[in-house]
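*Asks:* The two chains are supplied separately, each in an independent frame; assemble them into the complex guided by the hints.
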Amino acid sequence: MANKEWPLYEVFIRSKQGLSHKHVGSLRAADEQMAIDNARDVYTRRSEGISIWVVESNSVFASDPNDADSLYEPSNSKVYRHPTFYDVPDGIEHM
Amino acid sequence: MKEHNIEVLERDFQAKIDNDIKIEPKDWMPDEYRQTLIRQISQHAHSEVVGMLPEGNWITRAPNLRRKAVLLAKVQDEAGHGLYLYSAAETLGADREQTIDDLHSGKAKYSSIFNYPTLSWADMGAVGWLVDGAAIMNQVPLCRCSYGPYARAMVRVCKEESFHQRQGFEIMTTLAQGTAEQKAMAQDALNRFWWPALMMFGPPDEDSKHTKQSMDWKIKRHTNDELRQMMVDITVPQAELIGLTIPDPDLKWNKEKGGYDFGEINWDEFWQVVKGNGPCNKDRIETRRKAKENGAWVREAANAFAEKRKLRNTKKAS
Ligand SMILES: [Fe+2]
Ligand SMILES: [Fe+2]
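If you read the sequences in order, they're chains A and B. Residue numbering for the first sequence follows this note's numbering, starting at 124 and increasing by one per position. Residue numbering for the second sequence follows this note's numbering, starting at 3 and increasing by one per position.
FYI, nobody ran anything at the bench for these hints, they're computed from the structure. You may find that some hints are simply not true.
[Unchecked claim] Facing chain B, a subset of chain A residues (Cβ under 7 Å, in silico): (1) Lys-127; (2) Ser-149; (3) Val-165.
Yeah, the Cβ is synthetic: ideal placement off N, Cα and C, and Gly gets one too.
Just chain B, with the same shape it has in the complex (with noise of 0.2 Å):
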């Protein structure tokens, strides 16, 4: 009886996926659907916290103050992105603590590309442009994701992100017009940042293990490669209208698929980086777990000043 019971309720719930009808938080989902979630949406949730360190680095050293405002806007909005999907999470029954501990014990991963680091100020242009533009390319689709809340947390961020990538183009032209050690500056950034923003999509579809679950559950709706080549589609053209040179030899317009053809991508340095061997790996988590320890006493004093506010408005009530 039990069994059946689970037979109808799983039927019942991939019909709905089917008819795209979203899954709310209180209704009946598979223990595998809410697992996938938890995992996927607090990755996003950590990408999203521990992607304003690489940035952070530059913001008190931007060239002028409206480029400083900016960067600061930007971070902020990603500050944002993270909690949006931490309350996500929770719905799931996640415990926000507990996933935030997991990040800072290794345990849970973050986008690989978070572990590269920000060299030059052409960076904040080469990750606005390239970074963001891959997280929006993953990004849009989800507001479509078969999770209500993970879905219109996504319409939000969506919402945010446009600008972030236009800044960074923004920068990235700025200097490729700019004079030849400026232009030499944008070029280096495209370089090192290209191979590892084409990797943010994640291992190749034949060695991609949730493909088809996720496309079945309609939490994904297109696969990695697929995600891949929109974006070297999209992007090749941009940085040829500025003047800057993709680094990849075997870059080539192939008429018969409408898209480019491209070079192998480096996948054993992708691994490396996803099992913490990446450049800054460590000094990403040590940052984050020393701004929850160096936080701890602005928690307490908040609590300690709730506690007075209470007790105060209770006084002025009796």
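Just chain A, with the same shape it has in the complex (with noise of 0.2 Å):
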């Protein structure tokens, strides 16, 4: 039970309300309560964070860096979706 190996967790921090929770590192422990009091020891020993979440490294389900072609390539060609695109006359404001 002792080499029972501890699993993964990332772990996320929100820094401060109105911010999102952002990934930070990651740990191992026994349990969810554990790793988020070892996140607490480990990640926010300077007042970095007020909200802590963990999630198990199995559970992230992550895209494949090889299909980034296919994925992401499609938006590049869609110039029109950035409202530098477009032509405002001279003397437009507020727009």
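*Replies:* Put into structure tokens, the structure is as follows:
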């Protein structure tokens, strides 16, 4: 039992009210509660956070870097999704 | 066809590196790049963890509560650094347990500086000032390392390190301005730690077989000798300012190169310590092994408690 490897958790911290949780690193723990306690000790020693999420790393399903072209390429050609694509006559303000 | 494929992959990989695009865990990378990083990151992690021992030695004997709180906080930071780094090594596929077992069996190395004893309170000053100083010199360029998780870990580490060096220098300054005996204590600590601190940057460039490849991969940004020179140039004026003497009769400002010339480093001593024959090698590993053994019941209890909590939660849910 002592050698049972603890699962890996990904740690997300909200640095202050109004901001989203951001990934800060990972750690191993026996369960979620211990992961939260350890995350507090390791990642918030200098008031870096006011809220912690931990997610077991196994539960994260990630996109494959090899699919990057097919996933993200189509949006590169759609420049009309950006405001800079459009001509605005001189003299027009607040647009 | 397959070989052609590898060539393309390798070329794309190097192109990313040349364009300062970070490599992330799931990206393709050459096996040697992965192995080099696993070795370097785990050695770095071990150094953080073993590095707690020489300072842990003085926590209970700090001269006052302020110094004790500071030293505790510093040592706790080092434990965190070890954790960030083990986690970074894991993103490359290193097995955490195996990595730690390799340290305990003597297979894996750690920084040779931690095989020197800390004999007096002044050593806490010298370690913070010189050892953390040298570590910072090494780690700041690593914040731009090509491997994302390592670089990000280094950013955190560097933020935390800056107080480590300052608290050490503060101890040295206080002792240097104290009684004659206190000043002698500070000088003695400097005498013992100066050369080992310069050795922390590793063997001279001509003997450092991995440097060229590591620099092409942007794992390393400066050679060992470049970093060592920077360390000397920055530290000498600091010693002068607090009235301590660098223990090197050959130390001399060289106007042409805009840096100090300094004496020959005893590389025999360095290799002896690396090979396990330093003053504290056996002691350090023994302490680590015992810590793991003696902590076994805590990990068992944590497992049992986690099981119990899970059971309780499923009962509540049903
Ligand atoms: Fe550190
Ligand atoms: Fe440090």
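*Asks:* Now tell me, hint by hint, if it's right for this structure.
*Replies:* Verification of the supplied hints:
no.: 1; hint: Lys-127; verdict: 6 Å, holds
no.: 2; hint: Ser-149; verdict: 5 Å, holds
no.: 3; hint: Val-165; verdict: 5 Å, holds
Consistency with the previously given hints is maintained throughout, with no hint failing.
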